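Protein chains in written order, with my numbering: chain H, 1 to 339; chain D, 1 to 602.
It should be emphasised that the hints constitute simulated quantities derived from the structure, not laboratory data.
Do not rely on the hints blindly, as some may be mistaken.
Covered stretches of chain D, going by a simulated chain H footprint (3 or more residues, C-beta under 8 Å) [as the list claims (entries may be wrong)]:
id, stretch
1, 549 to 561
2, 565 to 574
Sample of chain H residues at the chain D side, in silico, Cβ under 7 Å [to be verified]:
id, residue
3, Glu175
4, Asp176
5, Gln178
6, Ser200
7, Ile232
8, Asn234
9, Arg236
10, Leu328
11, Ala329
12, Asn330
13, Glu331
14, Ile337
A quick note: this is a predicted structure, and the numbers were derived from the prediction, not measured.
Beta carbons are placed, not taken as given, at the ideal position from N, Cα and C, and that holds for glycine.
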Amino acid sequence: MEIASSIEKYRDFGKVVSIYIGGGTPSALPTSLMDKVISTCFSVFSPSSEIEMTIEANPENLTFKKLKKLKALGFNRLSIGAQSFNDELLKVLGRGHSADETLKCYLFAREAGFQNINLDLIFGIPNQTVGCWIETLEIIAKLNPDHVSAYSLEVHEDTLLHKQICDGLFSATKEDAQADMYFECLKYLSKEGFCHYEISNFAKEGKECKHNLLYWKNGNYLGFGAGAHSHIENLRFENVNNPNDYIEALRCGKKFLEICEKLSSDKVLSETIFLGLRLVDGINLDEFKRKFDRSLIDIYERQIEDLKEKGLVVCQENLKLTEKGLFLANEVFIQFIPD
Amino acid sequence: MTDPQNIRNFSIIAHIDHGKSTLADRLLEITHTISKREMKEQVLDRMDLERERGITIKAQAVRILYKAKDGNEYALNLIDTPGHVDFTYEVSRSLAACEGALLVVDASQGVEAQTIANACLALENDLEVVPVINKIDLPNAEPERVKHEMEESLGIDASNALLVSAKTGKGVDEVLEGIICKIPSPEGNSEAPLKALIFDSIYDSYRGVIIFVRVFDGKIAPGMKIKMMATGRVAEVEDVGVFRPNMVSVSELSVGEVGYVIAGIKDVKETKAGDTITEDKRSVLKPLAGYKEAKPVVFCGLYPIDGGEYGALRDALDKLKLNDPSFVYEPETSKALGFGFRCGFLGLLHIEIIKERLEREYGLNLLATAPNVAYKVTNVGKEPQFISNPADFPPLGEIESIEEPYVSVLVILPPEFVGGIMELCQSRRGEFKDMQYLSASRIQLHYHLPLSEMMLDFYDSLKSRTKGYGSMDYDHIGYKESNLVKLDILLAGESVDALSFIVHKDHASFRGKEFVERLREIIPRQMFDVPIQAAIGSRIISRETVKAKRKDVLAKCYGGDVTRKRKLLEKQKAGKKRMKNIGKVEVPKEAFLTVLKVDKNK
Ligand SMILES: Nc1nc2c(ncn2[C@@H]2O[C@H](COP(=O)(O)OP(=O)(O)O)[C@@H](O)[C@H]2O)c(=O)[nH]1
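Generate the whole structure from the sequences, applying the supplied hints.
Shown next as C-alpha cells:
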C-alpha cells in the first residue's frame, strides 16, 4: 500500500519537534500506559533537543499527583480546557467542571513544575454578555498563563446546544456581540503582554505552540490512534474512527486508514493559503515562492487586489490579514478556494 | 362505430382531496379497464410534478366498457379535468366534451369553493350534474348535511345523491348505473360535416401532436383532410383511436365518441383547446361555442442566475412551449438582472410548474421576479396600452389613468372565521358582494378583489386564518380603474428595476415599509452597509440598512480539521454563487419574491 510505505519512508525523516497528546481526555489514561506510549514513540522516532511535548487535559480529572507524573514522563506543556470561568456558562456548555476546579488545576500544574501552560477559552456562549467575557479575561490576567486559545463558539446543527437554543432555553449570542467579544479579547490580551500570533491564539514571548504552528504552515505530521489525522506533503489520511475497529484492524494487520485524500495541486495551494493566513504574520512571499516555485501574487493577482481594496489584507513581504480581515477571515479564505 | 345510444361522456368534478382520483381508479378497476397491478404503473404515470402536488395539469380521457344491468354494453368516456383554478378554461373545455358530470363531495368536509366553482362550470355547459357523496365510510360522515349544502349552494336536487366510498368500493356499482340512467346519451348526425371539439392536446416526440377530441357531428377517419377552425390549419389525419387507457387505433371516431387524432402536426399552438375541427372540403359554418384564447394573466421575469445560461433557458422555454401554448415569453433586459425573459402565465401555480420544470428537467438555476398582473395604462392624450412589467411604467406625470384586472372570489368557510376573512378581504381592497349560509357550519362569501391583491399570498392567509377550513375559488371579471403608483426599491443607492412593484396609493407607504423591512431580513450582511430604500418617484418613503458584516471567521483549525474546514469554505463559496450580484450587493433569489408576503397575521 502506497500510504503504508510512505509512513515507512518518513520513519527516519528528521527529528520530531513536537508530540501532542490530545483529543478526548488523554489525561485519564493511567500513567503506566502513557509511559508506554511515549517510550514506544521514542524507540521509533528520535526527538529534537527542543521537543515540545503537550498533553491536553480537562480540569476535572487532574490531581496534583497525576500532574507530577506527567511532568516526570517528559511533558513540558499542558493545555487545560478551561472554556470559561463562569459556572453558569460552563453548564450551558455541558462541561463537567467548575471554575474553581480549573483554578485549582492550574495552580497544581504550576506547583508540579509546568512552565508552559495553555488555557482554552470559549466566547460567544449562549447567555454570555460582553461583560461576562471581560470578567473571564480579567481572571486570565491574574493567572498569567503562557498561552491562551480563545475560540468563538460555533453551534452546529444536530447538537444538544442547538436544540436548546431552538427551544428557547438559551439565547444565542448575536454576530455583533461575538465581534465585540473578539475585539475585547485582542485588546485585553495584548495589554497583558500576550502576542496575538494566530486568529484564535495568544502567547507570551517564545511560548507560541510549535505543534500548531506546524499545522498552520501546512507541515507534515503523523497521527496515531482512532480517528487521528496525518498529513504528508499532498496526502491527507485519517485512521479508522471507531476505536474498537481501529484496535481490531491493528491486531489483525488489516487496513486501519479509513480516508485518504490525495490533494490536487490546487488544493495544496488553497490549503497552504487559508492555513497560513490564519497566522497574524501571514504568509511569507519568499518562502512561498521557494516552496511552490511560483509567486503568490502572480497566481492570485485579481483576488489579492480585490481584498486589498476591501481593506482585508495587506501585502508587503508577507501577505497577511488586516485587523478587519481577522474578523472577516472567511471572506478572504474563500477567495483562494478553487471553483 | 358505437351507437350513440350506448355512449356516455362524463367528467368527475370535485374539490381537491374529495376523492376524484380514487373514484376514477375504482371505476377503472371494477370494469376491468385496468388491473389493480397496472393501476399504480399506468394511471399514476403522470408527470412527477402532478403526482407530487396531487393535481392534474393535463386533461386525460379513458374509455370504459361496461355491461349494465339492462344487459347492454356501454362505452363510458371518462374525461378527467385539470384540478386547479389556473386552468379553469381547460376545465370548461373538457366539460364541454361531456353530457354530464359526477359532482363528488366529501361526506365529512361538505361543499367547498371548488365544488361550487366546478359545478357552476358544469351547469353553464348544460351538463347533467350527478351528485355523489364520497367517503361515507368515515365515522364523521354527514351525508344529510352535505346534501343540504349542495342544494343551498347550487340549487340542484341532491336528495338522491349517490352515497359512495371510493375507498372501500361501496356504492361504486350504483355510480356506473347512475351514469347510464342519469346522463343523457350524445346526440348528433353522423352524416353531417365533421364537427369535433379539441379539449386538449399534447406533444409527443415520436408521434407529434396528439389531439384529444370529442365528435359532435360526422366522423373522423385516417386519410381525411381536417381543418382547425380557429387557427385555419389544415392537416391529413394519420391515425385515430381511443384510450383504453393506452392508445388503441380504431377505424373511425363517430358521433358522440371521444378519442385521439394524430395528423402530422408538430406544434400544440395549432391545436388549441376549445377549437373546432371540421372537414377541409365540407366545412361547417359555425364552430362550436365557447372558444377563447387562454390568455396569460400573471407575468414575471425569468433570469438565469448565471448569465451564461441565457441560451439554454431560451431553448428550454421553446421546448416547454411545444406542450403548453398558454404560456408566453419574450426576451427582456433588466438593468439589475441582465438578459432574461418576461413570461406570461395562467396563474401562480402555472408559474411554479413551469419554473420547476425548467429547473428540474433542464437543470437551470433561475431567478424569478415577483409575479404581477398586466395593467392597462393610458398616458395623457394617448391610447391605452397593456404593461406587464412594472419597470416599464411611464413616469407619474405622464399617466392619465391606470386600470387593473379584478377577480370575483368565492370563499367557503365555517362561520367563526367570517370576521377574520372579511377583514382580510377589506385589507386587500375587496368589495363585499354577498354572503350566504349553506348550512349551520358553512358560509359562502363573495367578494370582488384586484387580482394583484389576490396574488399577495391571499390563499395562504386564508388557509391560516381559517385554520385550514376555508376554501376559495375565483374567476376573472375584467378591468377597473384604480389609483395606483409604482414603488421603486433602491439597494445601496441604486434603483433595482426588478424589485419595483405597483401598489395602491393608499397602501404605498406601509407596503413599502414592510417590503423594505423584509428585504433587510433576507439580504445577508455584506462587507459594507447596504441601505435599502423604497421610493415613489423621487420621494423616499422608507429606509432600512443592512449593517456591514462584522465577524465571519472559523474559530479553530488544526490538523484534523483541515479537510472539514476546506469543505465549509467550499460550501460558503458555493452559497455566494447562488446569489445574484446587483451592483456590489449579493442578493438571494428569495428576495425577489418577498414582495408577495404581506400578511403578518399568520
Ligand atoms: N376514508 C376514505 N378516504 C377516501 C375515500 N376516497 C378517497 N379517499 C382519500 O382521500 C384522499 C384524497 O383522495 P384523492 O382521490 O386523491 O382526491 P382528489 O384530489 O379529489 O383526486 C386520499 O388520501 C384518498 O385515499 C373514501 O371513500 N373514504
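Verification of the supplied hints:
1. Given as covered by chain H, the stretch 549 to 561 of chain D passes the check, having 12 residues with a CB less than 8 Å from a CB of that chain where 3 are the minimum.
2. Coverage of a stretch by a chain is defined here by at least three residues with a beta carbon nearer than 8 Å to that chain's beta carbons; for the stretch 565 to 574 of chain D and chain H the count is 6, and the condition holds.
3. Taking 7 Å as the C-beta cut-off, the interface hint given for glutamate 175 of chain H holds, the closest approach to chain D being about 6 Å.
4. This hint holds: aspartate 176 of chain H has a C-beta 6 Å from the nearest C-beta of chain D, less than the 7 Å allowed.
5. Against a cut-off of 7 Å between C-beta atoms, the interface hint on glutamine 178 of chain H holds, since the closest Cβ of chain D lies about 5 Å away.
6. Checking serine 200 of chain H against chain D by beta carbon gives a least distance of about 6 Å; that is within 7 Å, so the hint holds.
7. The interface hint given for isoleucine 232 of chain H is broken, as the beta carbon of that residue sits about 12 Å from the closest beta carbon of chain D, more than 7 Å.
8. At its closest, the beta carbon of asparagine 234 of chain H sits 12 Å from a beta carbon of chain D; the interface hint therefore is violated under the 7 Å criterion.
9. The criterion of a C-beta within 7 Å of any C-beta in chain D is met by arginine 236 of chain H, whose closest approach is roughly 6 Å, and the hint holds.
10. Among the interface hints, the one on leucine 328 of chain H holds; its C-beta lies about 5 Å from the nearest C-beta in chain D, closer than the 7 Å criterion.
11. For alanine 329 of chain H, the interface hint holds, the least distance from its beta-carbon to any beta-carbon of chain D being 4 Å, beneath 7 Å.
12. Contact between asparagine 330 of chain H and chain D, as hinted, is supported at the beta carbon level, the nearest pair being about 5 Å apart and thus within 7 Å.
13. Interface restraint check for glutamate 331 of chain H: the shortest CB-CB distance to chain D comes to about 6 Å, inside 7 Å, so the restraint holds.
14. Hint status for isoleucine 337 of chain H: holds, given a least beta-carbon distance of 5 Å to chain D, under 7 Å.
In summary, the structure is inconsistent with hints 7 and 8 from the numbered list given earlier, while agreeing with the others.
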